[in-house]
Structure formats: structure tokens, C-alpha cells
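Once you've looked at the hints, dock chain B against the given chain A.
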Amino acid sequence: MMRMSKKEKKGKRKNREIMLVTWAFTLLFLSMSVYIVRYSITHKQELINNSYNGRQQILLAQNRRGKILASDGQILAQTVSDGEGGEIREYPFRNLFSHVVGYAVNGKMGVEGQENYYLINSNAPLSQKAALEAQGEKYPGDDVYTTLRVDLQQVASTALGVYHGAVIVTEPSTGKILAMVSKPDFDPAKIEDEWEGLINDKESSVLLNRATQGLYPPGSTFKIITALEYIKENPDSYQNYQYNCTGTITRGEDRIQCYHGSVHGHVGFNRSFAKSCNTSFANMGLSLDRTAYQKTLNELLFNQKLEFGFPTGSSRVDMDAQTTDSDMIQISIGQGTTAVTPLQMNMVTCAIANQGVLMKPYVTDYVMSSGGNKIKSYEPLEYTKMMTAEQAAIMSGLMADVVEEGTASRLKGLSYTAAGKTGSAEYGTVKGDSHAWFTGFAPVEDPQICVTIIIEGAGAGGDYAVPIAKRIFDAYFGIQ
Amino acid sequence: MELYVSEFSRYVMALLITLYTYECFAVFRYEDEDQRKGIYLRQNLLMFAFHFSCFLVICFETGDITYLFFYAFQEIMLYAVIMLFRMLYPKSNRLVVNNMCMLLAIGFVILTRLDFSKAVKQFIIATGSMGIALLVPLFIRKFKFLKSLKWLYALGGIFALSIVMILGQTTYGSKLSYSIAGITFQPSEFVKIVFVFFVASALYEAAGFFEVFTTAVIAAAHVIILVISKDLGSALIFFVVYVLMVFVASRNILYVLAGAVGGSGAAYIAYKVFTHVQVRVQAFKDPWSVIDSAGYQITQSLFAISSGGFFGLGLYKGTPDAIPFVEADFIFSAIAEEMGILFAVCLILICVSCFIMFMNIAVRLRDKFYQLTAFGLGVTYIFQVFLTIGGGTKFIPLTGVTLPLISYGGSSVLTTLIMFAIVEGLYIVKQEEYERQKALHKKRRKQNRAKRDLEEIEFISDEDDDQSNDEDE
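These protein sequence lines are chains A and B, in that order. Residue numbering for the first sequence follows the working numbering, beginning at 995 and increasing consecutively. Residue numbering for the second sequence follows the working numbering, beginning at 81 and increasing consecutively.
One chain only, chain A, in its complex shape (with noise of 0.2 Å):
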């Protein structure tokens, strides 16, 4: 036996460069293998949306496109046959959610392009699909659930009315987008008649989805960031703040000016907060370390691609250590070069109303066959950290006090309560030419709904982006 083991040995040692080939070789093969099986798994719905891939052709010849509901089960969007053996995609809403539920021809859009994957491949039991075949008819296609509600999209596309601009309202404790409207919208059944039109009109921009991808001056929602920052530097401290407005304040070139050229007098932190002081957020701007503020928008997902679904814009804001002080008391008001999309504001909003964790938004639930299994469910998941609890409870406090004895005052004295910020963000040439904004949850002790406004050219946030978030909070709970 001794012997024998021996001779093995030997003979091993003898013709270890081919043993060793063998196991690279081997080993090679199991790395591609295990390549190869994750990336298909990994890749397989964005490759099928893929323009070039022909598959996405002969899954829509075998299978009839899905339906996208509401979370309350009503159609949204569905296909049916045109009674001349072709089919119609149908949307029974027509404009009211012309962005978020989108179209599936010309590039897709919203849910349609998001979801495309589900909507074209077909989990019925296989009984129904032989039923199917032997009729000669198409196989039902997967059914998209979203977490919109219709009567929530009803009162904010209503409210917004001719103007333009975006409405996002979501549920802070699980990211869900319950209502989103973008103004001026569009029938997405006659998408393809009115092509031509839409892509050519640049004035309006009508395709584009404003509350993903409209980049605006933030105004003087932004001093929810500048606020934020300044906390953060003086935890201990920040109460003892105190300015002298007196209506301006200037630095280099630049000139600060309040809203309306008022004069707010002695004020404290929450005052110039609540009062939406330019010239105190100004000053407290001066104050701020920029390598810290740069991180603090870091941390906020300002300058970078956020992580959704559909399409959106990156908010901008020029800070680095280098800023000037003349640039930097524009940016402490949301002004300057500064630019954000309603979706940012309305995350930011949603951390501060979630104890500082962000929740990452979504628009599809879940997906179902025709037989009602679940193919796909999205759970609420954590985004990001955005500040601490204490941070998040401070900020939440000084939001209320803009309801309470600000600028939303619209919102005080109602059966919930709320909190917000406003904003009124000046744009182009003309002095006085603003946006209204508003940005804010209730009820202030346990956010059920944050909402985020913007409206194009209307003026001030308190005057009209308020009265918006107070009819949507109204709907919400249940308020005629």
C-alpha cells in the first residue's frame, strides 16, 4: 500500500503542467458559466426594451398588452381590439395622466415605458392560454398596478387648471407617488396623430414630465437646505441667531432683495424662516462653511442622477469651496444658477418628514397575471439617510411655524395640521416674474402626505401654491 501511494504521488508530480491546464481551463469555464447566467438574468428587461431587440415585435404579436390600473383597480390604461381585428391602447382618463401612466408608441413613456417588460410578456395559466389559442386570440398580457390615485390626480391636475407646472404627492413612510401631474399635458391615445406637433413645439415642452425633469429656480424652498446646513453647523446654537433686516443686503455685484421689497426688522432663526426673510438667509449663507454645505447637498442628492424609474433631471447647485460671497448669497436663497427639479424638493421634503430617512418613490405596486398571481411586487425601500432624527425634527418644526405664523398661513387653523415651505422664484429678465412653490406634509405630527407644487409664472407661493396644497390635504383626508 505504501508503495502504491507513493507511485501515485510520483506519477501526478510527473504530469503536473497538464493537471494544471486541466484546472485553469476548468476553472475558466465555471467563471463564464456563472458570467454568463448572471448577466442573462440581470440584463433581461432592459435588454428586451431595448429598440433594437425584435423580441419586444413578436411578444406584442402573441400577447395583448397589460393593463395599468390605479391602486384602487381603476383602468388607466388598456388595450382593446378596434373591431377590425387590429387593437387600440385605450386611456380612459385621457389627459389626466398623460406623463405618469405615459404612452407605449414613439420611445414610451411613463409606467407604459417603465413597465413595458411586464406589460408585453403573458403569465396566464397555461389552461387559459391553450383556451385562447384554440379561439385563435391573444394571450392577456401581465396587468401593471400603480400606487396612483385617481381622485388625488383629479384635484391636483384641477387645481393647477390652465396654469403650467407640477404636482407630486407622495407618502413619506413608504415613497409611494400617489398623484403626479405635469402641465400642459396631452391625450396619450392620440399621441401618434399629434407627434409632429408636440415634438416641434418648444415653447411648451409638453412631453416633458415637469415634476421628473423641470429644472426651476428653487427660491425660497431652497432655504430649507440652507437652514438645514446652518443647524447642522450650530446645533447648540442656532436658536441665538439674530438679524436686523432691512430689506437689502448686498455683496460684490449682487443685490438681495425681500420678497415685494418688505422690511422684516429684528428677526430670529424661525422668524427669518417662517417670514421667508431673503435678506437674514443671506447673512446666515455668509456664515456657512462651503465644503460642508457642498457635502450637506451631497448627502441631500443634489448635483447627481437620482434612482427612478422614469426619466429625470439633476438638480443643480454650483457650491464648492471656492463659491464667492456674491454667489453665495444667491445661492442661500435658492436663486442664482441654482436649478431643481419638484421631484428633488419633494424628496428632500419627504426625508424631513420621515425622520430624516428617505424613502425611495415608486409608482408601480405590483404586478399581476390575468390569473391574479403576483408576477412582481415593489416594497417600500430605504433611498437614503438624508439627516438625523433630531435635524429632521427641528426642520419639521420650523416648517409648521411657516403654516402657523409664515407665509402658508392657508393652511393654519385647519381639523389636520400642516407644514411646508414656500417659495417664489424669480426667472428671467423681469423683476417681479415668479414662480409659485410649495413644498410641504401634514399632518405634522404623523405625515401621512407630502405634496410639492410648482406653477409657472403665477407669482407667489403663498398665494397660489398653497391654496393648492390645502385642496389636495383636503381631499386626502376626507375634507369637502
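Only pairs whose alpha carbons sit at most 25 Å apart, straight line, appear in this in silico DSS-like list of lysine-lysine:
#1 LYS1289/A to LYS1379/A
#2 LYS518/B to LYS171/B
#3 LYS1299/A to LYS365/B
#4 LYS365/B to LYS1038/A
#5 LYS1354/A to LYS1299/A
#6 LYS1370/A to LYS397/B
#7 LYS1379/A to LYS1354/A
#8 LYS117/B to LYS171/B
#9 LYS1038/A to LYS397/B
#10 LYS1196/A to LYS1102/A
#11 LYS448/B to LYS171/B
#12 LYS1102/A to LYS1354/A
#13 LYS310/B to LYS352/B
#14 LYS1132/A to LYS397/B
#15 LYS171/B to LYS522/B
Take a look, some chain B residues computed to stay more than 10 Å from chain A by CB distance:
#16 SER197
#17 LEU214
#18 ALA374
Please keep in mind that the hints were generated in silico from the structure rather than gathered at the bench. Just so you know, even glycine gets a beta-carbon here, dropped at the ideal spot from N, CA and C.
For chain B alone, kept in the frame of chain A given last:
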């Protein structure tokens, strides 16, 4: 009904190939061919079941029952191969034969689905090639002078490749083939075998610096001609086979390192000099940005691979035809799409099991020339599999070589079958020698037994000798 058949068949095929693949590796648990008999029988049954169910699906999907005739011919051919190898060469390694048939069967099925006329052509060529392959072990047994022809191999190889470079037809940017009497040959395929024989015959006696250097010059000539002909895949195969054969012959890892450094340098120069190399690299790094041009093939291939899922879309349910040259360079993607990722991975594993068996045979061969030949042919085979599958899945840049025994291509099938047959032949020669020795031992043992009563001490030492001789085998 048709729906149930096509749904059900996806799982049946996956199950059959999984079981077959399992048996491919179960073989290695046993040393002795006799003990493996049960495994081989099960493999044959699984292969026939797989082949039959595939053609059943093809008939169902196309509604054309005439495919069954084609099936019958294939069935007869595969059965004949298995039986003939057993009858002509009782000592043959049946895993090699089984895998050869299984891979051919998979190739016939997917080619029938992709392009019936090409499948028929492939079948005819494969049948003819099989006839040649059956004679190869006989040839190896009879002709012992193969190791002395090294300069003939070298000149023959370079000559054949040069002719293509000068006269050859340009297929899709590379000069690959020439036609004689209406039949198109792709010499780089056959030269692969000749090249392995050359390196083996040049290095089997000694692999010192001088031998390595002279063979390196010849090898470099092969590679350079292929690069000029723009046949980068073959050039890479020749290079890797050469480096690894030198490594085994010399037992010096430094040659591999030198090869790696030299190869990288050459690759870099090729990248700088040849635009078609740059295009390939660009298509590998980001095919999506050149999806209209250089990236078209690879992205279509990725679409195919990712659309099948674990069990595939089912035969005729996908669109593998969207990939240009799917039946040659991208057949693996077509298989992954319609037969599933599980099937595709099993296919990879079957190829690996062939390779491991080749290496297993190489290790046992005592004759250095035979050993190097078996090793070289094994590496040629597996590296080509790696290039084509890795290229089609964007694991490595695309080089455009065929998947041996499965892809459409007469030269490729003939060459691969001959390669398999040569390794089989080496194994058979070795087994027969072993049998003869065993018979000799028996005789000696008998004599010993007669002597035992008389001389006890001598018996002990003889017994020891017997044992050690046995272990050698």
C-alpha cells in the same frame, strides 16, 4: 395541444441534458472502462431520448412530418457510429464517442431549426467525416513514423496558410478559405491538427532553449500569416496552443510568462496597427454605442441570450435569425435563447468534460510524443470553445470562430471529428498495449506459480514487480 407540447418539451429537454451532463462527470469516479459501462449506456439512452423529443417538437411546431425522415437518417448515423466504434475498437474510450455524438445531435437539432438546407448539408458532411474519423485510430495504430515528420508538418502548415493569404476568398473581411472543385476549404481548420503534430514532434525528445526557439519561429510564422489574413481567432488559438505545449514539454512556467508578456505586446501592436482589431475591441467595450455597426452582432447575441430564461423560449419561439451568421459564430446564443440558459450551461459542461477526458488520456500516455499530441489537440478544442462562447456572450472580445461539432461549417466538423478520433486512437493504442502487457504478466505469473513451491524467496520479489507494473497502467 401544441401549446402543451412546446411548454412541456422545454422542461423535458432541460432535464435530459442535465442528466446527461451529470453522467459526463460521474464517469470520472471510476478508473476502469468496465465500471463505466452503465453510465455510457444511460448516456446513449438519454441522447436518443433528447434527439427524439427535439424532432417531435420540430414536427409539431412546423406541422411538417417530413422532418421525421431527416431525424431517422440522423438516428441511424449516430447509432452506427456508437456501434462501429465499439465493434472496431473494443478498447475505445466511450465518453469521447458519446460526447461527440451528443454534440453532433445538438448541432443537427439547432441547425434544422435555423436553416434546413444547411442542416442537411452539415449532416452529409458529418457522415462523411465520421467515415474518415472511424479509420483514424487504425491509422495511428499502423503508422509509427508520425513523430519523425516535423519539417513536413511545419512546411505543410505554412504552405497551406500562405496559399489562402494570397489566393483566398475574402469572407466578411477575413481571408479564410479557397475552393477546389466547387468545395470550399478553410485550411486554418486542418492546419490546427498539423500544427499540433509539428510542435509535438519537435519537442518530444527535448525542450531546451534551442528547440523552443526554432519552433517559436515556425509558430510565429503561422500566427503572423493568420493575423495578416485577419483570422484573429485562429491566430490566437495557434498562439495559446503553442505556449501551453511548450510549457508541458519543458515543464518550465517561465515560458508561459514569456508567452503572456510577448502575447500582450503583440496584441497591443495589433490593436495599434489594424483597424479591424480596434473595431472588435470597441464592440467589446461598449457595443451599445456602436449598435448600428460594429456592435450589431454582439448586441443581437446578448438579446438572444437574455431572452430565453432558464428553460428557453422553446424551439421556433425566439428570433435567433436576427443575429447575423447565427448558424456559425453565434450558434451558442441561438441555443441559449430557444433551449434555455440551463441547457446552454450544460452544453458548456459537456465540452469541459470532453476536455478533461482528453487531459486524462494525455496524462496516462507514456510516450511523450503521443502525450503532447493529445494535450495539444485538447487545448485546441477547448480554447476554440472558449473563444466562441466567450465572444458571443461578451465575456471576451469577439473573434469569430465556430463552436466545434455544433456550428455549421464543413471544415470545422471534419477537423474536430479527426481531432477527437486521433485522441481516441492514441487511447486505443495505449489500452491495447496495456492489454498485451497484462496478458504477459498473466503468463509470467503462471510460471511464477509453478516455481513457487521450489523457490519461495524469489516469488516475493517477483510479486512486488508485478504489482508495480500493474500500477503503472
